[in-house]
Each structure stands twice: as C-alpha cells, then as structure tokens.
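S.K.: Read off the chains here:
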Amino acid sequence: MAVASKLIENNFRMNRLPHIWCPGCGHGIIMRGIAEAIEKLGYDKQKVCIISGIGCSSRAPGYMDFNTLHTTHGRALAFATGVKLANPDLKVIVISGDGDATAIGGNHLIHAARRNIDITTIIFNNNIYGMTGGQYSPTTPHGELGTTAPYGNVDNVFDICRLAEGAGATYVARGTVYHAKQLEKNIENALENKGFSIVEGISICPTYYGRKNRKGDAAEMMMNLKDTTLDKKVAAKLPPEKVEGKLIIGEFVNKTHPEFCEEYHKVVDKFMKED
Amino acid sequence: MVSKNVKLMQGNEACVEGALAAGMKFFAGYPITPSTEIAELSAQKLPRVGGKFIQMEDEIAGMAATIGGALAGLKSMTATSGPGFSLKQENIGYAMLTEIPCVIVDVQRGGPSTGLPTAPSQSDVMQAKWGTHGDHPVIALTPSSIRETYDLTIQAFNFAEKYRTPVFLMLDEIIGHMREKIEIPDPSDIEIFDRVTPEENEKGSYKAYDNSLEVPKMAAFGEGFRFHVTGLMHDEFGFPKNDTKVTEVLMSRIMGKIDNNLDDIILYDEYYTEDMDLLILSYGGTARSVLSAVREAQRAGKKVGVFKAKTLWPFPEKRVKELSKTVNKIIVAEMNLGQYFYEVDRVAGKNCEVSLLGKANGEPITPTEVLNKIEEVL
Chain A
938 MAVASKLIEN
948 NFRMNRLPHI
958 WCPGCGHGII
968 MRGIAEAIEK
978 LGYDKQKVCI
988 ISGIGCSSRA
998 PGYMDFNTLH
1008 TTHGRALAFA
1018 TGVKLANPDL
1028 KVIVISGDGD
1038 ATAIGGNHLI
1048 HAARRNIDIT
1058 TIIFNNNIYG
1068 MTGGQYSPTT
1078 PHGELGTTAP
1088 YGNVDNVFDI
1098 CRLAEGAGAT
1108 YVARGTVYHA
1118 KQLEKNIENA
1128 LENKGFSIVE
1138 GISICPTYYG
1148 RKNRKGDAAE
1158 MMMNLKDTTL
1168 DKKVAAKLPP
1178 EKVEGKLIIG
1188 EFVNKTHPEF
1198 CEEYHKVVDK
1208 FMKED
Chain B
3 MVSKNVKLMQ
13 GNEACVEGAL
23 AAGMKFFAGY
33 PITPSTEIAE
43 LSAQKLPRVG
53 GKFIQMEDEI
63 AGMAATIGGA
73 LAGLKSMTAT
83 SGPGFSLKQE
93 NIGYAMLTEI
103 PCVIVDVQRG
113 GPSTGLPTAP
123 SQSDVMQAKW
133 GTHGDHPVIA
143 LTPSSIRETY
153 DLTIQAFNFA
163 EKYRTPVFLM
173 LDEIIGHMRE
183 KIEIPDPSDI
193 EIFDRVTPEE
203 NEKGSYKAYD
213 NSLEVPKMAA
223 FGEGFRFHVT
233 GLMHDEFGFP
243 KNDTKVTEVL
253 MSRIMGKIDN
263 NLDDIILYDE
273 YYTEDMDLLI
283 LSYGGTARSV
293 LSAVREAQRA
303 GKKVGVFKAK
313 TLWPFPEKRV
323 KELSKTVNKI
333 IVAEMNLGQY
343 FYEVDRVAGK
353 NCEVSLLGKA
363 NGEPITPTEV
373 LNKIEEVL
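If you read the sequences in order, they're chains A and B.
Residue numbers for the first sequence follow my numbering, beginning at 938 and rising by one.
Residue numbers for the second sequence follow my numbering, beginning at 3 and rising by one.
Keep in mind that the hints were calculated from the coordinates and are not lab data.
Just so you know, even glycine gets a beta-carbon here, dropped at the ideal spot from N, CA and C.
Among these hints, one or two may not hold up.
[Unchecked claim] Some but not every residue of chain B turned toward chain A, in silico, with C-beta under 7 Å:
| hint | residue |
| --- | --- |
| 1 | LYS54 |
| 2 | ALA66 |
| 3 | GLY70 |
| 4 | ALA74 |
| 5 | MET98 |
| 6 | PHE223 |
| 7 | GLY224 |
| 8 | ARG228 |
| 9 | HIS230 |
| 10 | ALA302 |
| 11 | CYS354 |
[Said to hold, decoys possible] Calculated lysine-lysine pairs in the DSS-like style (CA-CA distance at most 25 Å, straight line):
| hint | chain 1 | residue 1 | chain 2 | residue 2 |
| --- | --- | --- | --- | --- |
| 12 | A | LYS943 | B | LYS205 |
| 13 | B | LYS219 | A | LYS984 |
| 14 | B | LYS164 | B | LYS131 |
| 15 | B | LYS352 | B | LYS323 |
| 16 | B | LYS164 | B | LYS183 |
| 17 | A | LYS982 | B | LYS209 |
| 18 | B | LYS205 | A | LYS982 |
| 19 | A | LYS984 | B | LYS205 |
| 20 | B | LYS327 | B | LYS312 |
| 21 | B | LYS27 | A | LYS1207 |
| 22 | A | LYS1203 | B | LYS352 |
Starting from the given sequences, assemble the full structure and let the hints guide the process.
M.R.: Dropping the structure here:
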C-alpha cells in the first residue's frame, strides 16, 4: 500500500479504507475537502462530530476519525440538532446527499436553517439516488433520465442554495468537485460561521447519472462541471446572455444572526438563577 | 397533618416530575394530544435545572433529537400519542439496534389514524412490541395511578440506562389526564441508575459494542472515545459489517440482555390470587375499574383475583402460566379489541379458558362492565 498523506493519516480511519464509492465518483473530493478544512482550522478532533443520513455520501463519516453517527434516511439534521443542543461544545458537521437532504429530509433541512443552529451541512449533490441504483432525485434536472424516469424526468429541481437562504441559513455556498480548492474554502468558511451553514458540493456520479444520461466518463463529467458553471463574482460582470443556463457557484450568504443554542442558553442562565 | 410532599397532580405532570427525579436533562418532542402537557412541563422545568428542551419540526425529528441528546451524554425523553408513535417507529428501531438509552412516553388515545384524540385507549400495546421492523428487544412499562406514573417513569429511565436501550412508558389518556393525590418520595429514597461509561484508559481501544459484556459501556460524543454509530449491522467498534456471524452475535446479545434479566424487568401486582376461581388480567387505567369491581365481587363472596401488569413487555409469561394452572378462567380487560389478550391466550390458553373484555369506543371500561363480565363467566 502506498504511503498515505499526513492528511489522510490524521483524519481518516485507515483500517476502514478503501471506501465503497465507485471509480470516478466525486464524493471523495468533498470528503477530503472537509478533512482539509478541519485540519486547517485546527479543531480538536475529540470535539468534532460528523453525522449523516443514508445514501452514498452518508457513508463518509464511517471513514473519518471523529465522533461519527450514521443515522436513518433523511434524519441526520434532526439527530444533529439533539447532539448540538445537548452539548454545544461539539463542532457538529452533517454530511448528506441530494435525496437525503432535500427529499426525505427536506423538512429537517428548512427547520434547521430556520433555527440557525450552529451545524455545518455539506450536501454531496450528484443529482441522483446512487445507492439504490439511479433513481431521479429533487436535483435531477427536468428531462434527464433515471431508472424511475425512463422517459425523462417531469419534475422540477430544487435550488438548494436559494432554499437554504429562504429558510434562514446564515452561510450558504455552492461549489463543485472540479473547483476543489474553492469548495474547500467554502467548507472552511461554513465551519467558521456561528450558525446554520450549508455548502452544496456538486459531485459527479459517472456510474448511474452519467451513464444513464450519456455524460461521458468521470473526466468528461469533471470538464462539464468546469464548462457549465460560473463563479458568482465573474457572472456579475458578464452580460445576461453569457450567464444564462450556467450554474452559479460561490458564496451566496455569509451573515450573522443569533444562534439557537446560544439563545437557549440565555434562557437557561436566566431561569437557573431565579430558582 | 398533610406532609409537604403530598400533591394533587395529573399523570402527565407526574411523568415529568418522575423524569426530572430520574435525571432527565433533555427532551425533544412535538405537540400531540393527549401527551402535550409532558412537553409543556418539560419546556417549563428543564431550563431551570440546566437541562434542554426543544420542540422539533415533526414527530420523527423529536425521536431523532432525543437519540442525539442521549448520545451527547444526557438522559433524554420524548412523549407522544398513537399517530406520533407510528411516525417515531423507524428511529425507535435505530435506538434499539444502536443501544441508545432513552425514554419514549406514549399517552394512548383512540385509534387507528387520527381516531379519538381526547379519548383513552390501550390500543398501542402491540405497536410497542412490534411497531418497528426487525426483531428487537422491548421494555414497555404501564402505570395505573399517578404515584405509579412517577415511579415507573423513574424505572423507565433506570432500565434504559442499565440495559442501554430505549424504554416505552405506555400511559393511557385516563392516567395521563387524571388528577389524583400523590406523595412524592424523598429524593434520598429514590434509586437512580446511571449508564456505565468506559474508563479513561479505554481510550483508543474502546468498543462501543463489546460483545463480551451483556451491556456494553457507553461513552458520550466529545469525551475522547471517537466511536462510530450506525443503524447497519455492526462490529464491536460500531463499524458496518454485512456478515452473518457478526449479525448473529450482535442480535443474540441485544435480545439476550433483556431475555436474561426478566426477573429484574418484569413488574406486576397481584390481588386475591392466593385463592381464586377466576383471574382478571389488566393494566393501566383499566386496572382501576377491574380492582374496584373485584373488591365488590369479593364482598359478595366471589373468588376473583387480579393480575395487574406494570411491565407489558417483556410479557410476564412465567407468572401468568403459573396462575393459569390455578384457575378455570381468565378474563383479559383492556381498552382495545384484543391485543394483550392474544399473548395471554398463547401462554394460558392450554391451562384454562381465556376471554376478552375489550372496548375501543373511547370510553373507559367501567366497574359495572367488569362485574357483568364476572357474572357471565362465573
């Protein structure tokens, strides 16, 4: 076995690797980005808690050497809310997929955002249910194919970032696995935000989404991410016709607002004194 | 002179007081009749003792956050009623397999579906046993008075902590909303069990699911043990294993930790069972009507005994079997159309005739109805 980098040795459970993801899957890039950000910020790993739901992305915590919790489908944020409120000293990170976070877990997503509880959510968005073999998700584009959309998807997509912003998240960003360093920076900023943060990481699924929709191999899908996205700051300077149809990446929200656990603790402090 | 510790209290209130006495520090839930007072009182009282309350966005989230609170080290509880109990089932199964101590209160109302929100029933008895998928260990307690609600809530926390498992406290709307005199015991007279936690020197080698122990030690997140928890079948370190042998060992241990401790877990009361022709088996609010009727029958010279289950699950099989050999007939009285009845009939049916006094129209079973049934059967 090749010598692992210090980053992997320091942050991963070496005896749990290799991971179960398919060749060409983009998820490892986001998982690495999370580890890079944690290491850069110097968090005490005993105090970092990584929580996931069900699906391909949700297997990530099992590989990561922190306090890790692999929960039920869609419910990671609800479990995480319990963990964070019970012990606000923990740095709580949620890893979720597009189906896990926005379909079965959609209610928990908007309410965690509304509360502005200090949890960083990283959504690994590969536009498909991968673990069950390629069914369309709330982020599968209209018209695209899935095993449950054999004649093209008639649904419309969620814009996860706008959804999160509307629901009250205080940090919202979108990146892609092609723009790995930028994504890592987004994750770092999300972790440093005191409140509910979301980073939508656009990933690739060559095995199901790619193959079904003739998107080419992993390398071609990566190049496609480069060609179909535009940075928010760049887009702002371009005429509308050059922006149309492009997926905008970058930071959309980064603001301060009272955080849920801190607000609750004010109540505890006030009423514990009273008795 | 009335002692300071005597109070007039509602069942739902006694449940919260018992939970606080047991050390509850975390409650996550969702409003639902007839359990809502449990959430309201927890919201009011928990911050005053440095605890946390959160009203979640739905019943599923209430269960999930309760498990999260327990994993972060706090004694945690949620409360619900039938529809919410149904919604919570997947995460309840998660807590059973991952061995997370917590208490789930179900104040039973008339069902199915939205049913009779403000009326009593005991129709979630089988749901408590089989509501979540897969084989799983179950402890379910049910009180029939306000003091018993207080005591069994403490007991529910103690069992949860001792056996590292979720425990059901099955109230019915009669007990949940009834007000009755209660003498609150002195804290020094209450026995409290706290989960066994790993030692400092186990850091690095800690097995969250150590199969050499009947009940593995439980660390909290953030204490330096960095373990993994998953709802997949898992090895002793908590990592997923798709392996028949690992599954067998794990399943056998989590079933065994309950099955091997029945004498500790099974609680019941008996009345007039030394010399009887007929036994009435009942529990919860219904047991009050049964006792009232049986006292009257006794005064009329009828030899009728009562077995009042306080632990619904595991089923008090050994004792019910013994008693079934001493009588000709058993009546099972319950506010449903026959749930516990089937379990009693399974165990006692070979030894005597088992019949049902069941009712599921939203009204309690009255002492008169019990007396009429006694007349009919004797």
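S.K.: It remains to establish, for every hint, whether it holds in the given structure.
M.R.: A quick look at each hint next to the structure:
1. Evaluation of the LYS54 (chain B) hint against chain A yields a held restraint, the C-beta minimum of about 5 Å falling below 7 Å.
2. Evaluation of the ALA66 (chain B) hint against chain A yields a held restraint, the C-beta minimum of about 3 Å falling below 7 Å.
3. Given hint, GLY70 (chain B) at the interface with chain A, holds; its Cβ is 2 Å from that chain's nearest Cβ, closer than 7 Å.
4. The beta carbon of ALA74 (chain B) is positioned within 7 Å of a beta carbon in chain A (closest approach about 4 Å), and the interface hint is therefore held.
5. For the restraint placing MET98 (chain B) at the interface with chain A, the shortest Cβ-Cβ distance is roughly 12 Å, beyond the 7 Å limit, so the hint is violated.
6. The beta carbon of PHE223 (chain B) is positioned within 7 Å of a beta carbon in chain A (closest approach about 4 Å), and the interface hint is therefore held.
7. Hint status for GLY224 (chain B): holds, given a least beta-carbon distance of 5 Å to chain A, under 7 Å.
8. At a threshold of 7 Å, the smallest CB-CB gap from ARG228 (chain B) to chain A is about 6 Å, leaving the interface hint in force.
9. For HIS230 (chain B), the interface hint holds, the least distance from its beta-carbon to any beta-carbon of chain A being 5 Å, beneath 7 Å.
10. Taking 7 Å as the C-beta cut-off, the interface hint given for ALA302 (chain B) is violated, the closest approach to chain A being about 53 Å.
11. Taken as an interface hint, CYS354 (chain B) does not check out: its beta carbon lies about 44 Å from the nearest beta carbon of chain A, beyond 7 Å.
12. Between the alpha carbons of LYS943 (chain A) and LYS205 (chain B) the distance comes to roughly 22 Å, so the proposed pair stays at or under 25 Å and holds.
13. Between LYS219 (chain B) and LYS984 (chain A) the CA atoms are separated by roughly 20 Å; this keeps the pair inside 25 Å, and the hint holds.
14. This hinted pair checks out: LYS164 (chain B) and LYS131 (chain B) have alpha carbons roughly 20 Å apart, not beyond 25 Å.
15. Pair hint LYS352 (chain B) plus LYS323 (chain B) holds up; C-alpha atoms about 9 Å apart against a cutoff of 25 Å.
16. Note on LYS164 (chain B) and LYS183 (chain B): the hinted pairing is violated, with a Cα-Cα distance of about 30 Å set against a maximum of 25 Å.
17. Proposed proximity of LYS982 (chain A) and LYS209 (chain B) is supported: the alpha carbons are some 18 Å apart, at most 25 Å.
18. For the hint linking LYS205 (chain B) to LYS982 (chain A), the alpha-carbon distance of about 14 Å falls within 25 Å, and the restraint holds.
19. Of the supplied pair hints, the one linking LYS984 (chain A) and LYS205 (chain B) holds, its CA atoms being roughly 14 Å apart against a limit of 25 Å.
20. Simply put, LYS327 (chain B) and LYS312 (chain B) have alpha-carbon atoms about 21 Å apart, close enough for the 25 Å limit, and the pair holds.
21. Restraint check: the Cα-Cα separation between LYS27 (chain B) and LYS1207 (chain A) comes to about 17 Å, which is no more than 25 Å; the hinted pair holds.
22. Restraint check: the Cα-Cα separation between LYS1203 (chain A) and LYS352 (chain B) comes to about 62 Å, which exceeds 25 Å; the hinted pair is violated.
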